[in-house]
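Line order of the protein sequences matches chains G and L. Following this note's numbering, the numbering of the first sequence begins with 1 at its first residue and continues without gaps. Following this note's numbering, the numbering of the second sequence begins with 1 at its first residue and continues without gaps.
One or more hints might be untrue.
Here are some chain L residues the structure puts well away from chain G; computed CB gaps all over 10 angstroms [to be verified]:
| id | residue |
| --- | --- |
| 1 | L74 |
| 2 | R96 |
| 3 | A170 |
| 4 | K176 |
| 5 | P189 |
| 6 | E190 |
| 7 | A246 |
Reference listing, derived: stretches of chain L covered by chain G, where coverage requires no fewer than 3 residues with Cβ under 8 angstroms from a Cβ of chain G [said to hold, decoys possible]:
| id | segment |
| --- | --- |
| 8 | 84 to 94 |
| 9 | 97 to 104 |
| 10 | 109 to 116 |
| 11 | 210 to 223 |
No wet-lab data here; the hints were simulated from the structure. Computed from a prediction, not measured in an experiment: that's the story for all the values here. Backbone N, C-alpha and C define an ideal beta-carbon position, used for all residues, glycine too.
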Amino acid sequence: MSPASGAAAVPQTGPSPIPARREAAPEVDISKMILVRPRRWGRMTAVVAILLILAWLVKAFAEGTIAWDVTGEYMFWPTVLAGVWGTIWMSVACMTMGIVIGVVCAVMRGSPNPVLRWVAIGYQWFFRGTPVVLQLLIWFNLALVFPYMGIPGIGSARTVDLITPIVATLLGLGLNQGAYTSEVVRAGLLSVDRGQYEAAQAIGMGYWTSLRRIVLPQAMRVVIPPLGNEFIGLVKMTSLASIIGFSDLLRSVQDVYYLNARVIELLMVAAAWYLVVVTLLSIGQSALERRFGRGFASGVRTE
Amino acid sequence: MNTMTAIDRPIVSGRNVGKLFGDFRALADVSIDVAEGEVVCIIGPSGSGKTTFLRCINQLERIDNGALWLDGELVGFRLDGDRIHPLPDAEIARQRRKTGMVFQRFNLFPHMTALQNVTEGPVQVLGESRAAATARARALLARVGLADKADSYPKDLSGGQQQRTAIARALAMNPKVMLFDEPTSALDPELVGEVLAVMKDLAREGMTMIVVTHELGFAREVADRVVFMDQGRVVETGAAADLMDAPKEERTRNFLRSVSHKD
Numbered sequence: 001m002s003p004a005s006g007a008a009a010v011p012q013t014g015p016s017p018i019p020a021r022r023e024a025a026p027e028v029d030i031s032k033m034i035l036v037r038p039r040r041w042g043r044m045t046a047v048v049a050i051l052l053i054l055a056w057l058v059k060a061f062a063e064g065t066i067a068w069d070v071t072g073e074y075m076f077w078p079t080v081l082a083g084v085w086g087t088i089w090m091s092v093a094c095m096t097m098g099i100v101i102g103v104v105c106a107v108m109r110g111s112p113n114p115v116l117r118w119v120a121i122g123y124q125w126f127f128r129g130t131p132v133v134l135q136l137l138i139w140f141n142l143a144l145v146f147p148y149m150g151i152p153g154i155g156s157a158r159t160v161d162l163i164t165p166i167v168a169t170l171l172g173l174g175l176n177q178g179a180y181t182s183e184v185v186r187a188g189l190l191s192v193d194r195g196q197y198e199a200a201q202a203i204g205m206g207y208w209t210s211l212r213r214i215v216l217p218q219a220m221r222v223v224i225p226p227l228g229n230e231f232i233g234l235v236k237m238t239s240l241a242s243i244i245g246f247s248d249l250l251r252s253v254q255d256v257y258y259l260n261a262r263v264i265e266l267l268m269v270a271a272a273w274y275l276v277v278v279t280l281l282s283i284g285q286s287a288l289e290r291r292f293g294r295g296f297a298s299g300v301r302t303e
Numbered sequence: 001m002n003t004m005t006a007i008d009r010p011i012v013s014g015r016n017v018g019k020l021f022g023d024f025r026a027l028a029d030v031s032i033d034v035a036e037g038e039v040v041c042i043i044g045p046s047g048s049g050k051t052t053f054l055r056c057i058n059q060l061e062r063i064d065n066g067a068l069w070l071d072g073e074l075v076g077f078r079l080d081g082d083r084i085h086p087l088p089d090a091e092i093a094r095q096r097r098k099t100g101m102v103f104q105r106f107n108l109f110p111h112m113t114a115l116q117n118v119t120e121g122p123v124q125v126l127g128e129s130r131a132a133a134t135a136r137a138r139a140l141l142a143r144v145g146l147a148d149k150a151d152s153y154p155k156d157l158s159g160g161q162q163q164r165t166a167i168a169r170a171l172a173m174n175p176k177v178m179l180f181d182e183p184t185s186a187l188d189p190e191l192v193g194e195v196l197a198v199m200k201d202l203a204r205e206g207m208t209m210i211v212v213t214h215e216l217g218f219a220r221e222v223a224d225r226v227v228f229m230d231q232g233r234v235v236e237t238g239a240a241a242d243l244m245d246a247p248k249e250e251r252t253r254n255f256l257r258s259v260s261h262k263d
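Can you make the complete structure from the sequences, with help from the hints?
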C-alpha cells in the first residue's frame, strides 16, 4: 500500500502524506472470529454457595421439631383466612388513605401559600414524630378525652361506639402513612425537570391540569419503588394493630395457637401468608413500573 | 432608534420593560414592538436579557417595570384607574394561549409519544375532541416532516426531530405569536438546518415570530427586523441587512465581529 520507512523524507505529490508505519495492522474482522465468552467464576461460585446454604437451611428445618403437616393443615383454616383478609383490606385502605393524603400534603408543601405549607409541615412533624403504636393507642382511647362525639344539630354518639378497633386502626395507620408517603411523593415532584412545568404552562395549562397530566405521571416513575417499600412495610405494620384488638393475620394465628399450643407451626403459617401477600404486591409494583416507565430507559444496566 | 417605523398594529409591545433577579438587572427599559406577521430576531451575547424578555411575554417571568402588551391586553395585570391587580391563574393561562413557546431544551413531555405531545394542549386546554385533535396533530407533524414519527417517544427522536415536534406542539394551540428561545442552540450542527427550515416555512406563511437566536444567517435571511441587546438593554434595532452589514453602535459591531469569528 504505502512505501516502506524512509519514504517520509521524500517530497510527495499526493494530497497528504501518510506517516510511514513499521508494520501494517493484521487483517482481522472480529465478526468472523470465534467469540470466547469470559467465564464468570465469581457468579458460579456464588450460585454454588447460595445453593449449599439453602439446602442446609431446608434440611435443618425439615429435621427440626416442627410438625409441617400441622402447618399445612392450618394454612386455610377459617380463622387464619379471616386474618389474611383483615391484613389485606386494612393495608389497602390505609395505603389508599396514605397516598391521597400524601399527594395533597406534598403539593401543599410546594405551594406558594405559606398557610398551606405550614399546615403540611406541622402534620408531618406530628405524625412522623411519634411512634405509630402510641398513635394507635391514642386513637383507641380517644373516649377518655371526649366521651361523646357529634355534630351540633345533627346528633352525637358515645365515642367508644364510634372508635372501634377498625376505625382506630384506619385512622392511626392511615394518617401515619400519609405523613411518610407525602415525603416520597415530594421527592418525586422534585425529580421532575422545571422545564416540564414551564412547557405545560406555555401551552396554557393551569396548575392542576399540569400537575395531573404532566408532572405527577412523571413523578410516579420515581415514586413507585419507594411507595412499594412503604406498602410492604404497611402490610406488616398492620400487625401492630393487634394490640388494640384488630384481627389481622398475626393476631389470628395467635388466637389459634393459644388454643392448640402449636406455636411455631402457626407462626410459619403467618410467615407463609405474609410472603404470599408481599409477593403479589411486588408483582403489581413491577406492572406499575412498566406502565409509568413508558418513554424512559429501564434502569437495568446492560452488559 | 424609532422603533415605531413600519409598524401598523403591534401585537407585542414592550414599553420600558424592566426585570430584576435579586440585585441583577436582567432587563432595563426594553421597548420592542412587533407587528402582526412580522419576524423579529433578537441577538446579543449571553446574559444580555434576550431570553428573559421572551419569558416575560408568556409570563414565565413577571416584569418589575414598564408594561408589556400582547394583542391589545396588558400582560399579567388588570388595569383599574391608577391601580393594577395581578391576574388570577386562569386569566394568565388564557393570555399564555396567545403565544406558542419553543424552548432551547425542547421540553417535550417524555411520557407521551410525539402525537400525544401535540394533542395534549388542544384536548386538555382547548377542550377539543380527541379525534379532532389527533387529526390536526397528524397534519401538524406532517407539516414539520415527522408524519412517520407520530408514535415515537421523545427519547427515540433526534434533537432536531424533538425540536420540530415541539414546534408542532406549540402550533397546535393556534397561537398568535410564536416565541423561539434559542431553538437550535442545543442541537448537533448537522440537525440545525432541518429546524431552521421549518421556521422559515412558518415565517413564509405569515406567522408572527420572535426568535432569540445565534443563527445570524437565519436572521439575515428571514427576519424583518433584528434587535441587538446587551446587558439588559436594546442597543440597536433595524432591518436585518442594515443592522448586520452597517451596525451603528460600537457594541453591535464588536458582537458581530466576535460571532463571525466562529463561522
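**Study point:** Hints the structure fails to honour
**Key:** 2, 3 and 11
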